[in-house]
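With the sequences and hints as input, model every part of the structure.
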Amino acid sequence: TVAKSLTKRAIACAVNLGLQTIAVGGGVAANSGLRQHLQAAAAKHDLRVLFPPLKYCTDNAAMIGCAAAEHLERGHISPLTLGANSRMSLSDVMELYDV
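Numbered per my numbering, the sequence shown finishes at 99, counting up by one with no gaps.
FYI, nobody ran anything at the bench for these hints, they're computed from the structure. Note that the structure is a prediction, hence the values are computed from the model and not measured. Keep in mind that a hint or two might mislead.
Said to hold, decoys possible - Pairs of lysine-lysine residues, derived as DSS-like cross-links and limited to a Cα-Cα distance of at most 25 Å, are as follows:
# : residue 1 : residue 2
1 : Lys8      : Lys44
2 : Lys4      : Lys44
3 : Lys55     : Lys4
Structure representation (structure tokens):
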């Protein structure tokens with residue numbers, strides 16, 4: 001499973017780097033299978049694993065989809081040549097779309 005694969009890689013990385021703690025965040029941290037496998041494997045290697053409460057384990061896919069739909073409805077269509085910029089400020093985005 002994906003949970004087992006991620007667990008194996010995370011444990012190997014922590015052991016190879018001499019880490020004592022693994023912190024998991026984002027949407028994947030809500031996966032109960034991953035939580036279960038990682039906690040069990042971490043215990044075998046005397047590692048601590050940290051997960052945030054489930055209410056903080058979100059990803060931005062739904063929010064980004066809603067924002068994209070809103071822009072499309074307003075006629076804000078970007079050319080396919082527009083590059084990705086994960087650090088673009090909200091004011092720059094608003095200027096780009098003349099909002």
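Going through the hints against the structure:
1. For the hint linking Lys8 to Lys44, the alpha-carbon distance of about 12 Å falls within 25 Å, and the restraint holds.
2. Between Lys4 and Lys44 the CA atoms are separated by roughly 15 Å; this keeps the pair inside 25 Å, and the hint holds.
3. With a C-alpha separation of about 23 Å, the suggested pairing of Lys55 with Lys4 holds against the 25 Å cut-off.
Checked against the numbered hints above, the structure violates none of them.
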